[in-house]
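Student: Sequence:
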Amino acid sequence: MERETLFRCYVKSEKKMYEVHAIYFSEQSKNGKDLIVCDEEGIGEWRAFEDVELMEFTGKCDKNGKKIFEGDIVWDFAEEEYLVILWCQKLGRYVRSETIDVNKGLWYSFNDIFEEEGCEVKGNIYDNPELLEVNSGS
1 MERETLFRCY VKSEKKMYEV HAIYFSEQSK NGKDLIVCDE EGIGEWRAFE DVELMEFTGK
61 CDKNGKKIFE GDIVWDFAEE EYLVILWCQK LGRYVRSETI DVNKGLWYSF NDIFEEEGCE
121 VKGNIYDNPE LLEVNSGS
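Under my numbering, read the sequence shown as residues 1 to 138, first letter to last.
There may be inaccurate statements among the hints.
Claimed, not checked - Ranges between beta-carbon positions, derived for each pair:
| # | residue 1 | residue 2 | range |
| --- | --- | --- | --- |
| 1 | 134 | 24 | 38 to 46 Å |
| 2 | 45 | 6 | 17 to 25 Å |
| 3 | 24 | 118 | 32 to 40 Å |
| 4 | 2 | 114 | 35 to 43 Å |
| 5 | 22 | 78 | 18 to 26 Å |
| 6 | 100 | 16 | 15 to 23 Å |
| 7 | 43 | 109 | 20 to 28 Å |
It should be emphasised that the hints constitute simulated quantities derived from the structure, not laboratory data. For each residue, glycine too, the CB sits at the ideal point set by N, CA and C.
Hey, can you work out the whole structure from these sequences and the hints?
Tutor: Here it is in C-alpha cells:
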C-alpha cells in the first residue's frame with residue numbers, strides 16, 4: 001500500500017508552520033536555498049534547511065480525518081493524555097511519547113493508537129508545547 005508523502009515545516013524566525021511543496025538536495029539549488037514553502041495563499045518562498053524544522057506526514061489521520069505529522073501533539077483517548085508523535089531512529093518507526101525527546105519518558109507504539117480508541121490532533125510542539133506540560137502537572 002502506497003502512502004502519501006507530504007512535508008510541512010516550522011520556520012524558526014517567523015514562528016510559523018508552512019506546507020512544503022518542493023525539496024532540493026543540491027548545493028546549487030536556486031538562491032542557495034534548499035526547499036520551497038508556501039503560505040495559505042499558495043505563495044512560495046525558498047528556505048534553507050537550517051532555517052526550518054522539517055516534519056513528515058506519518059501516513060495516518062486522526063479520528064476527524066486530520067493528517068498527523070511528526071511533531072504533532074495528539075490527545076490519546078486510550079491513555080487519556082497528550083502525546084507527541086516522533087520518529088524513533090533506533091526503532092525505524094513513529095512512536096507516541098510523553099516528551100519531545102524520544103529517549104526520555106514513556107513512549108508507545110504509534111500504530112497501536114489506531115487499534116485502540118484513537119486520537120485527535122490538538123496542536124504541535126512548536127505552537128502548543130504547553131499541552132505536554134498538562135501531563136506533568138506543571
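Student: Next, verify each hint and record whether it holds.
Tutor: Here's how the hints hold up against the structure:
As the Cβ distance of residue 134 to residue 24 is approximately 39 Å, the hint placing it in 38 to 46 Å holds. Our hint of 17 to 25 Å for residue 45 and residue 6 holds, since their Cβ atoms are close to 18 Å apart. The supplied range of 32 to 40 Å is met by residue 24 and residue 118, whose beta-carbon atoms lie about 37 Å from each other. Evaluation of the 35 to 43 Å hint for residue 2 and residue 114 yields a failure: the beta carbon distance comes to about 18 Å.
The given range of 18 to 26 Å is broken by residue 22 and residue 78, whose C-beta atoms sit roughly 38 Å from each other. Look at residue 100 against residue 16: about 19 Å separates their beta carbons, and that is inside 15 to 23 Å. In this structure the hint that residue 43 and residue 109 lie 20 to 28 Å apart at CB is violated, the actual value being about 39 Å.
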